[in-house]
Amino acid sequence: MTQGQSDFVFVIGGSNGLHKDVLQRSNYALSFSKMTFPHQMMRVVLIEQVYRAFKIMRGEAYHK
1 MTQGQSDFVF VIGGSNGLHK DVLQRSNYAL SFSKMTFPHQ MMRVVLIEQV
51 YRAFKIMRGE AYHK
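Residue numbers (full-length UniProt numbering): 1 to 64.
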């Protein structure tokens, strides 16, 4: 993931979740919470978590 090329697609579902066809095509499903959040908020949460993961994987400081 940190070397070469990898393709990732993140799909954020609506308040009723994703269509079953989308879920069947996915390799992995992730749920942030059983609560419903606005799409814009979840985009920020997702990006922050991906950023955090890459910082930790590279051995860089993330936590203060």
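Think of the hints as simulated: they come from the structure by calculation, not from any bench.
All figures in this text were calculated on a predicted structure; none of them were measured in a lab.
Glycine included, C-beta positions come from ideal geometry on N, C-alpha and C.
A few of these clues could be false.
[Stated by the list, open to error] Label-pair restraints from in silico Cβ distances:
{"id": "1", "residue 1": "ALA61", "residue 2": "SER15", "range": "14 to 24 angstroms"}
{"id": "2", "residue 1": "GLY4", "residue 2": "LYS55", "range": "17 to 27 angstroms"}
{"id": "3", "residue 1": "GLN24", "residue 2": "ALA61", "range": "36 to 46 angstroms"}
{"id": "4", "residue 1": "GLY4", "residue 2": "THR36", "range": "14 to 24 angstroms"}
{"id": "5", "residue 1": "LEU30", "residue 2": "LYS55", "range": "11 to 21 angstroms"}
{"id": "6", "residue 1": "GLY59", "residue 2": "GLY4", "range": "28 to 38 angstroms"}
{"id": "7", "residue 1": "VAL9", "residue 2": "MET57", "range": "13 to 23 angstroms"}
{"id": "8", "residue 1": "LYS34", "residue 2": "ALA61", "range": "26 to 36 angstroms"}
{"id": "9", "residue 1": "GLY4", "residue 2": "PRO38", "range": "27 to 37 angstroms"}
{"id": "10", "residue 1": "ALA61", "residue 2": "LEU23", "range": "33 to 43 angstroms"}
{"id": "11", "residue 1": "SER6", "residue 2": "ARG43", "range": "32 to 42 angstroms"}
Here is how each hint holds up against the structure:
{"no.": "1", "hint": "ALA61 / SER15: 14 to 24 angstroms", "in the structure": "37 angstroms, violated"}
{"no.": "2", "hint": "GLY4 / LYS55: 17 to 27 angstroms", "in the structure": "19 angstroms, holds"}
{"no.": "3", "hint": "GLN24 / ALA61: 36 to 46 angstroms", "in the structure": "40 angstroms, holds"}
{"no.": "4", "hint": "GLY4 / THR36: 14 to 24 angstroms", "in the structure": "37 angstroms, violated"}
{"no.": "5", "hint": "LEU30 / LYS55: 11 to 21 angstroms", "in the structure": "19 angstroms, holds"}
{"no.": "6", "hint": "GLY59 / GLY4: 28 to 38 angstroms", "in the structure": "19 angstroms, violated"}
{"no.": "7", "hint": "VAL9 / MET57: 13 to 23 angstroms", "in the structure": "20 angstroms, holds"}
{"no.": "8", "hint": "LYS34 / ALA61: 26 to 36 angstroms", "in the structure": "32 angstroms, holds"}
{"no.": "9", "hint": "GLY4 / PRO38: 27 to 37 angstroms", "in the structure": "35 angstroms, holds"}
{"no.": "10", "hint": "ALA61 / LEU23: 33 to 43 angstroms", "in the structure": "37 angstroms, holds"}
{"no.": "11", "hint": "SER6 / ARG43: 32 to 42 angstroms", "in the structure": "20 angstroms, violated"}
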